[in-house]
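Asks: These are the residues of each chain, in order.
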Amino acid sequence: MKLSRREWLSLAAGWGAARRLKGDPAAPPLFEEVPPAESGIAWVHDNARSKEHYLPEALGPGCAFLDYDNDGWMDIYLVNSGPCDFFHPSKALRNALYRNNRDGTFTDVTEKAGVGGGTFGMGVAVGDYDNDGWPDIFVTSYGNCILYRNNRDGTFTDVTRKAGLETPGWTTSAVWFDYDNDGRLDLFVCSFVDYGGSAHRNCGANQLGRNYYCIPRFFKPTASFLYHNNGDGTFREVREGTDIARSLGKGLGVVATDVNNDGLMDLFVANDTVQNFLFVNRGPDKAPGSRGRWRFEEMALPAEVAFSAAGQPRSGMGVDAADVFGSGYQDLFVANVDQEMFSLYRNQKNETFRDVAHANEVAQATRLLSGWGLKFFDYDNDGWLDLMLANGHPDDMIESYSPTVKYREPLLLFHQENGRLRNVSAEAGPAFSRPYPARGLAVGDFNNDGLLDVVIGVNGGPPVLLRNRTGAENHWLGLKLEGVNANRDAIGARIRWSAGGVVRSRMKNAGGSYLSSHDPREVLGIGSAAKIDWVEISWPRPSARVQRIENPPMDRYIGVKEG
Amino acid sequence: MLAPRLLLLALLACGLAAWAQPDATEEILKQAIVLHQAGNIAGAIQAYEKYLARRPDSVLALSNLGAAYARVGRYQDAIVQYRHALKLQPGYPSAELNLALAYYKTGQTETAAGMLEKVHRAAPEELQPVLLLADCRLGMGQNKKVIELLTPFAERRPDDLAIAYLLGTALVRDDQPARGQVLVDRILRHGDSAETWLLLGTAKLNAGDFPAALADLAKAVDLNSNLPDVYSYYGQALLRTGDPAGATAAYRKALAANPYDFTANLQLAVLLTEDEKIAEALACLGRAQQVRPNDLAVRYQLAAIALHDGKLDAARRDLESIVKEAPRYTEAHVALATVYYRLRRKDDGDRERAIVQKLNAAAQVKQQQGVNVK
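These protein sequences, in sequence, are chains A and P.
The numbering used here puts the first residue of the first sequence at 1, with every later residue one more than the last.
The numbering used here puts the first residue of the second sequence at 1001, with every later residue one more than the last.
Calculated directly from the structure, the hints in this document are not laboratory data.
If you're wondering where the values come from, they're calculated on a predicted model, not measured in any experiment.
There may be inaccurate statements among the hints.
Said to hold, decoys possible - In silico EDC-like cross-links for lysine to aspartate or glutamate, where the CA-CA straight-line distance does not exceed 20 Å: (1) P/1253 <-> P/1275; (2) P/1346 <-> A/243; (3) P/1358 <-> A/132; (4) P/1324 <-> P/1347; (5) P/1358 <-> A/243; (6) P/1346 <-> A/297; (7) P/1277 <-> A/361; (8) A/561 <-> A/132; (9) A/480 <-> A/550; (10) A/406 <-> P/1209; (11) P/1366 <-> A/194; (12) P/1145 <-> P/1117.
Could you put together the complete structure from these sequences and hints?
Replies: The structure is reproduced here in C-alpha cells:
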C-alpha cells in the first residue's frame, strides 16, 4: 500500500498525539503556544492595577475569534481596560483587532477598523445582529457598552447610542441569541455588581498592610439585561416584569442553550457569590396585562444548578453548555473559585441536573483552581467533546495567605474517553504546565486545518495563542451555517451527522466561556470513520426546516445556506 | 482531651490489708493487682476474670477489671464492669469517675458529662472530675458552661496551668479573646509550650486570621504533636488557608489520637463527602453524633448524604426537623427545597425556595455592611 504525502503526514501527526496522550515526553504537544514574535500579536492587556485594588482591574480581559472581513479565516479581537472614573491611563489604551494573514501571522488593523474601544472593557460578544452576513461586535465594560456595526468594508461604526445598547454599570459576559424565534439575534448582557458611583469601595488593608480586591459578596447584586432586536437596528430593553429583572445576581458568565429541547433558547448564568440562574424560556407570557412580554422562568434551584451540593452559593465565573455525553440533551458546566470545585451538570432530561464533576475528574482537578474561560470542543476530532479550562486566582496577593493556592494557575485539558472526561493536562504539552492569570478563552480554527485552536486573555499580560497540534488522523467536516428565515448565525440550529454507523448530534449554542466569543463554524469530527454519510441541519424557528446533505466533502469547511 | 493525664487508677490504692484471711481465691485477686500495678495488663485481666468467675459480686475486682480493660482500650468492656460494680455498690469510690472516663473515651460525652456532674457535686473541691467535666463540655461546644465551672477554680488556683488552659480555650472559643488573653499570658510565663501556641492559634482562627493561626498551630504541632486537639485545629487552619489535602491528613491524625474528636470528625466528613467517599464520611458523622447527638451541622450533613443517595423521605424528615429547630439554616432550606422538588411537591419546594431567597438577601445586606467605603 502506498500512502500519499497527506496521508503519511496525517498518520504521523496522529501517532504523535497518541504518543502524547500515552505520556511519551518526546511526543509533540497537543497544543503549542504561538509566541507573539511568530504570530505578530504584540498587544498586551493593561489591567490598570493600582495600589487601591479596584475590583474591575482583576476581571478582564475577554477575547474572540471572528471573521470580520468574511475571507474565511478567523481573526482575533482582544479587549482592554481603559479610562474610567478610577483609572486615568498615562498612555492611550485600546482594544485590538488582528486580521488573519492566512499564514499563521496576524496584522493589527484596529485603527483602520475603528474598534479600539475607549471604555474600561471587559468582554466581547460577536453576532450578526442585522442579518447582513457580516459579524458585528458588542463590547461589555465597566462603564458603557459599545456596539460596533460591521460596515462590510473592513471598518466598523459605533452604533451603540442609536441601537439603544449603552447599558450602564458594570457588564461582563454577553450573548447574542434569538429568544423569541423571530429570526433576529437578541442580546443578553450579564450585569455584575453595583460598584457604586463616585464612592468606590475597596476592602482596606489586609495583613500585608495593602489594599486588596474585595470579595464580590460585599457589593449589591444587580439584574442583568435582555434586549429585544427590533429589526431596524435598534433594541428594546425587555427584562421588566420577567424573572430576569427579579433575579438580582452578580453575573459573570452566560451561555444560551436549550435545556429542555423545546426549541426555545434558555440562559444559564454563572453568578459570583450568589446562586446561579437558569432562565428557562417559556415563550410568550400569557398572563393578563403582559402585553407581549416574554416569559423566562428562573429555576436554577429546582434544576439543582443554583448552589453547591452543600447548599451554598459559589463564585461562578465561566460557563458552557453542550451535549457532552451524547444524550441528546444539553449538559451545563460552571467554573468557580478555589476550594469550591467546578461543576459538570448532567442533564436528567426533565429540567433537572446532577453534578457529575467528580466522576469525570473535574472536581478533583479543580479544587485549588479558579476557573474563568472554558469551552467544550472536540479537539482531536474523535467525535466526542473534550474540555479546556483557563484558570487564575482573582487576588494577586493570594499566595501571601495560602500556601497551596497560586495567583497564576495552569490551564486544564480534559479528553473524553468511554463516556468520561479524563484530565490529560499533564500530557498536553508545556503550555499546560505554565501558569497564567488567565481569564477569557475563545476557541477557533485560525489556520483552517480543522483542528480547533484557542486564544486566552491574560490579565495584565499578552494573550496566549495555542495552536492545536493533535494531528489530522481523524477526518472532519466544518460547517458555516447561514440562516435565511432563521437568524443568520443559525444560533439554536441542531446538527446531526452519520459516520461509520454512528449518529452524533450537536446544538449550535451561543456564548459560553467567560467574556469571550468563539469561531461560529462547527467542526464535526468523525473519529476513525472515512467519511460522513449524511448531515442533517434542523434550522431554528421561524424556519424550522430540516435540511439534509448526503455524502458531503471531507476535511474542509463548507457553507450551508438555509434552504 | 486531657483524659490520659487524668486517668485514675485510685482504686488500686485500696490496700491489700482488706484481706484478713487470704485463701486461694483471694490469692488470685492479690496476684491480679500485683500484675496490674506492674503493668502486665493482659495478665491482670486474666487473673481478674478468673477471680470474678468465683466471686462474681466482688466490687473491687469488677472495678479493677474495668480499669484494666480501659487501660488496653477495651472501653465498652470496661463500662460493663463499672456499671456492674456500681449496681452492686452505688457510689463506689472511683468507679463513677472511671465509668465517666470510659464513656468519654467511647464518644458518649453527654453521658460522661452527666456522670461527672454527679461526681463533682459529691466532691466539689476535687479537681480531677472538674477538669474532665470541663473537657467534656468543651467537646460538646458548651463553652459558657466551662467558663462558669472553671472561673472559681481559676481564681483559687491561679497557677494551675491545666485550669488556665481549659478556661482560656473556652474563653477564646466563646469569642472572649480579651479574657482569654489574660490566661494565655499566664501560660506564657511558664515558657514556650505547645499549649500556648494552640491557644493562640485557636484565638487567631476564631478571629479569621487564618495564615497567622496556621503558623501558631504549626508550632504547637512541632512542640507536642500529642497535645489533644492540636491536629484538629491545625486541620481547620490548613483548610481555611486552602490546603484540603493537608487538612484531611491533620484530621486523620487528630482522629488517630482521639476517635471522638468532634470537629475532626465533622470536618473530615465534609471533605470526604465532597470527594464522594460517603461510607467513610458516614462513619465520621456517626462518631461526631455520639459526641453531640443533636448537633445541627452533623444532622445536616447526614441529611445531605441521604439526599445524595436518593433517600428522599429520610432526607425530608431530617431536614424538616432541622429547619424547625434552626429556621435560619439556609443550606438546610436549600436541601429541603431540593427534596420537595424531587418529590414533586412543587408548592413546598417553592415555599422553601422563597425562604432561601429571603435569607440570602438578608445575608447579602449584612455582607455589604462589612466593607469600607473609600
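Asks: Each hint should be assessed against the structure and marked as holding or not.
Replies: Each hint tested on the structure:
1. P/1253 <-> P/1275: Within the cut-off at roughly 19 Å; holds.
2. P/1346 <-> A/243: With Cα atoms ~18 Å apart, residue 1346 of chain P and residue 243 of chain A stay inside 20 Å; holds.
3. P/1358 <-> A/132: Outside the cut-off at roughly 46 Å; violated.
4. P/1324 <-> P/1347: Distance of about 18 Å is within 20 Å: holds.
5. P/1358 <-> A/243: 16 Å, holds
6. P/1346 <-> A/297: 14 Å, holds
7. P/1277 <-> A/361: 14 Å, holds
8. A/561 <-> A/132: Holds, at about 13 Å.
9. A/480 <-> A/550: Holds: residue 480 of chain A and residue 550 of chain A sit about 16 Å apart, inside 20 Å.
10. A/406 <-> P/1209: 19 Å, holds
11. P/1366 <-> A/194: Holds, because 15 Å separates the two Cα atoms, which is no more than 20 Å.
12. P/1145 <-> P/1117: 12 Å, holds
The structure does not agree with numbered hint 3 stated previously, though it agrees with all others.
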